[in-house]
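Chains as they are written, first to last, in the UniProt record's numbering: chain W, 1 to 217; chain H, 1 to 448.
Don't read these hints as lab results, they were simulated from the structure. Accuracy of the hints is not assured; some may be wrong.
Each computed SDA-like pair below joins lysine to any residue, with the alpha-carbon atoms no more than 25 Å apart [said to hold, decoys possible]:
hint, chain 1, residue 1, chain 2, residue 2
1, W, Lys136, W, Gln78
2, W, Lys136, W, Thr160
3, W, Lys136, H, Leu338
4, W, Lys136, H, Gly149
5, W, Lys136, W, Pro151
6, W, Lys136, W, Ala77
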Amino acid sequence: MAAVFSPRANVIVTVTIIGAVGVIVGGCLWWFAWPRSDYVRHVGWAIQQPVPFSHQHHVAGLGIDCRFCHSSVEHSAQASLPPTFTCMTCHSQIWTNAALLAEVRNSLADNRPIVWARVTDLPDYVYFNHSIHVSKGVGCENCHGNVARMPLTYKARTLTMQFCLDCHRDPGPNLRPLANVYDMDWHPDGATPHPADLMRAYHIGGRNLTECSICHR
Amino acid sequence: MTSLPVIAPDETAQSLTERICAVALREGAPAWTPVWWWLAFGLSLGLLGLGVVAVMWLFYAGLGIWGIDWPVAWGLDILNYVWWIAIASGGTFISALFFLLGVEWRTALNRLAESLTLCAALCAAIFPILHLGRPWFFYWLFPYPNTMGLWAQFRSPLVWDFFAILTYVLASILFWYFGLLPDLATLRDRARGQGRRVFYGVLALGFRGSGRQWQHYRSVYAVMAALMAPLVVSVHSIVGMDFAGSAATGWHSTQFPPFFVFGAALSGFAVVLLALLPLRSLLGLHPYVTERHIDVLGRLLLTSSLCVGYAYVMDAFATFYGPDAADRTMFMLRAFGLYAPVYWGTIVLNIVFPQLLWWQSLRLTQPLVWLIALGVLTGMWLERFQIIVTSLARTQLPSAWGQYTPTIWEWSLLFGTIGLFLTAFLLIVRLMPVIAMAEMRAMLRGMR
């Protein structure tokens, strides 16, 4: 009786086994790395906006405070986007004929808000609250990056649940004195209180910040 | 008892191999697959189709199509899971535990019993996934590095359960398949059609029966048996802890882990009898599965029934000896409340009827044994209904009491898994050697 398989079968089996191991190992690596890539998280992507607003010009160049436009950040869950009137505080006087600002003038004339595109969009099941974060010493920069260096605004952090939890599990090193919350490019120096002192001063630590219901309701 | 032979006296290695290979290869006479097989397979496929529809509709419409709600949030889903995984234990008890004990009657039974284990474990594994509200996230139970920074809750018995079942299913598949290798090689060598030779040849993984291969085979098989025997105890203990770990009245009991192992053994031996008795006639296995085997299985069924009976008695004793009034109320509810027929049905089917097996003449009356085994499987199902539903329906706050009625979709899923079980088992019976030929030959050599 002739053999069922030729000697070549051994080669095929060996290659198949090595290939299967390669696919499994590669698949695990891909599974680990792909969701963390900036591409998937849209980190560094500047989104198309109706008006090419430059945070770099307004924050670094003119020194306007974050709260001038995002006025409810200290009191509300939403930082809020400014109404067209806020833009017009200045732009009714300067660059009144700039083509770049036509959309802003139309918005005022038609009494129709500018439809900005969200750069930082958390899922709807995440109840993020701006006011609690800024009043407990978390800087804007911690999540939004250094917007003073963004000619067009882009997402600076991954904003995965892992990103949130990293801080919620150990908030201390990410806290600043209240006076520096709105500063860009801020780094702790010799005068900065110790993280543990900041935690005490803000009364953080009484409640477990990793409970599900802190963010999900 | 030893007067009953473990194999017919005129059987040889040659006749055994020919008879068993003929079932799988169908190349001699009769060359066709028997009518009963097609009938059974058609029926199984029909049930399986029902199950597929039930699953599809579940995926589309969500858990609302089931009768579960607060306070009874576990219904037929978990019940069927526990029932099936207990059924799966029989093969492992017979195949691994009695391999280690070196009993001679184990050899003719282990292949069939392991196949039953495999099919039942497959059915069991479906339910924990389907019972999740979002079944596509089932892998969240697994501790993998994710961007959510979440990790499995290792203090929960439900996570232990996930690992126990996963380990048990994988180990059962490996044990079954590894034990098949020499027999697959026999089929490859005896098959005449090229397609069959390639089919069994690929599955045999190049087993040629050299001394070195046999040496490795024997050692690995013994190691696997030594791993499987404690595994079957741990997996059912952990299923028991799924309940005992919660604070629900009637569940929070330290006897649950061994109680569930007893129950598993009882259903395991029952399903082996249930499948073995018809197959013995249909496939002509009388020379290898003798009255000795039926006698032994009857004794095992009786023994495990007594163990389960002991657990029922201890449940009542601990309840009335202990200080907890809520436990006593729960016990009275079970025995005399809304679901009282379920309780007494459990007692009669699991404990009373199997007492007939004390007599050898009744142990060898096959239709009676078959009916007792069927009754035990029904009784074990009722027992899980009583444990799961009564405790949940009567929580400690009377304001939160409720009731549970399974819907047509839960029943469809139960019968669908029975279809899956039978389909898989019939395919194994048709395509694989139903008796471990290599081990039987070794046993015959040892006897001569």
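Hints, one by one, checked against the model:
no.: 1; hint: W:Lys136 / W:Gln78; verdict: holds (16 Å)
no.: 2; hint: W:Lys136 / W:Thr160; verdict: holds (21 Å)
no.: 3; hint: W:Lys136 / H:Leu338; verdict: violated (56 Å)
no.: 4; hint: W:Lys136 / H:Gly149; verdict: holds (23 Å)
no.: 5; hint: W:Lys136 / W:Pro151; verdict: violated (29 Å)
no.: 6; hint: W:Lys136 / W:Ala77; verdict: holds (14 Å)
Checked against the numbered hints given earlier, the structure breaks hints 3, 5 and satisfies all the rest.
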